[in-house]
Amino acid sequence: MANPYLVVEHLTKVYERGQVLALRDLSFAVEKGEFLVVIGLSGSGKSTLLRCINRLIEPTRGRIWLDGVDLTRLSQARMRRVRRRIGMIFQQFNLVDRSTAIGNVLTGRLGYLPGWRALLGWFPKEDREKALANLERVGLRDKAYVRVDQLSGGQRQRVGIARALMQEPEILLADEPVSALDPATSHSIMQYLEQMNRQDGATVIASLHFLSLARRYGTRIIALKDGQLVFDGLPTAIDNAKFKEIYGEDAEEVEVR
Amino acid sequence: MGYPEGYLSERPPWTTGAGIQDALARRAIAARRYLGVFLLDAGALAILWILVSYVYAWYVLGTTAYTLVPWWAFAVGVVEGAAAWGSFGLSLGQRLLGRDLGPVKGREASSGARVWYLLLWHVLVLPGVGFLFDPPLHERLTGLGLRPRGTQGVAPAPWYRTSAGLFVAALLAVTCAAAVGVTVSWTALVRLFRQAGETVDFWRALVSPDTSILLDAGRDMIITVFMAVLSTLFAVVVAVPLSFLAARNLMRGPLGRPVYTVLRGAMSIIRSIEPIIWAIIFLVWVTALRSAFAGILALWVHSIADLVKLYAERLEAIDQGPIEAITATGAGRLSVLRYAIIPQIVNPYISFTLYRWDINIRMATVVGLVGGGGIGQRLINYIWGVQYRQAGTVMILIVILVWAIDYLSARLRAKLA
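If you read the protein sequences in the order shown, they are chains A and B. Quick note: the first sequence uses the numbering used here, first residue 1, plus one each step. Quick note: the second sequence uses the numbering used here, first residue 1001, plus one each step.
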């Protein structure tokens, strides 16, 4: 029997010497090609979960298997090689403000560049062409040489997507990619993620605030509450009772159209 | 039925390594909190006591005295005072650490409980015995403990109703009284006004320039500017690499933290010695009668310490987002430094450097006064030689130079922001 692509086993994260339990004994599996959406309130552990997968945050206990490799046991150097295959985009975009769009996009190739070439900024010609192609793909070819602090929120997130595209990722982690954006822009960003999932075959794990977006784009949804898994299933399986369980009794569902 | 979840299936927390660590950490946190409040209170009381004694001795007894009582009585008084203050009022330490003493849970505290707390304080808190327990033993016995202030839903009292507020007011008043007593004498005040007329010749000389020295003075001014440029440049070369070792957020772990602490400590010691003192040290060291070189060394040493602090503080304030993003692409440490950190600091670093250069121009003048070369040395020579006209000319030149550099550096820095 083939193992699932990504397996998370008993994942636990404790912050500040036992003061805060961010993740409690979380277990689930993801198949290749899924679009998994993680929902939950702010502080429910969504960001921590995504960062544990590429070990930007070190898990306290538990295992994460990717393609049969236990990521939690890897040395820093070997983890770096694995990270090249894991793209990530962020709520606050996390671009280098003083750099141009293409400068930011090129950093997606840093994992493949020898150290001394990276220090000198000597990216191969193919990388530069690829960066322009990816900016073209997200509709920002004409902004390639503009400093990213001159761009709007949606444009900045598209630069973030182009940076992730440079890695040709097998997995894309998206940490609330649209929380800082307006509804119309949100859909355009989500459509890029959908495209990466369907056309490029990347497995996407995205955390989202809005259930309507999760239903629209996810092939499967998991829900976190206080760091625990409270739902794992198809988007259609979340009814009103389940919704109240995840978001609390007083919650009302808000649509994003 | 009725058993907690995980009953008999989980190991008790205190049998695991992480559990033991947590338990120790909680005790350490409690001990540090109580000790912090006590040390702040005792220190503040000691300062107030010394100042009051000094003022009383100065104005009433006409002598100099710092404690008025034997040192052991002073020590006991301070410790007991801090204990009582912390038990019955909002002490300064509690105020500064955002805490107050109140019931850990349940009803308001009776004054009986507070007396009980003060007594237990001597056997449980001061010797630290109470902290072997979690929660601390004295909290369990009295029901009182340090809790976060302002979380009880009660409006905080205005400053003049709290003992901490009154204490600070008293401290300020006594400090002023002591300071006046130490530094100002009646005869000096009288002289300041009565002898003002006698300095007229001096002022007149200062505003009637002697243009014959302009060429020589100009040459010395160029030396002064060069001193500032050289000392700043060499300071940057040393300070940039050091700043990374002095940034708290980059120096984590058992190896990094001691390096950070030692470096920051050394820099603040060096910075606390003024350039003019450094100039005297280097003049003795390089044994030269008139040496801009000693001046450059003095400014260099002080600039390093200053720039390391400014640079490191900027590094500590950088946005962690890009670091996270670049790390996530699989980039190595050097690449993260080059692509996530350096772009964020280049402009601030240049800006700080310009600012320091601007300071160094002024400092180069001061350093010259003790023989460190440049325009300052010329100025002090004229003053000692009672050549006030020439001294005045030099002073005007210095004002123009400093103003121009100030303006230039401000404009450049505004461009960088």
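Any given hint could be a false lead.
Derived EDC-like pairs (lysine to aspartate or glutamate); straight-line CA-CA distance at most 20 Å [as the list claims (entries may be wrong)]:
{"id": "1", "chain 1": "A", "residue 1": "Lys225", "chain 2": "A", "residue 2": "Glu9"}
{"id": "2", "chain 1": "B", "residue 1": "Lys1415", "chain 2": "A", "residue 2": "Glu9"}
{"id": "3", "chain 1": "B", "residue 1": "Lys1415", "chain 2": "A", "residue 2": "Asp149"}
Just so you know, the hints here were simulated from the structure itself, not pulled from any lab data.
_Structure-inconsistent hints, enumerated in ascending order_ = Checked against the structure, the only hint that fails is number 2, while the rest are satisfied.
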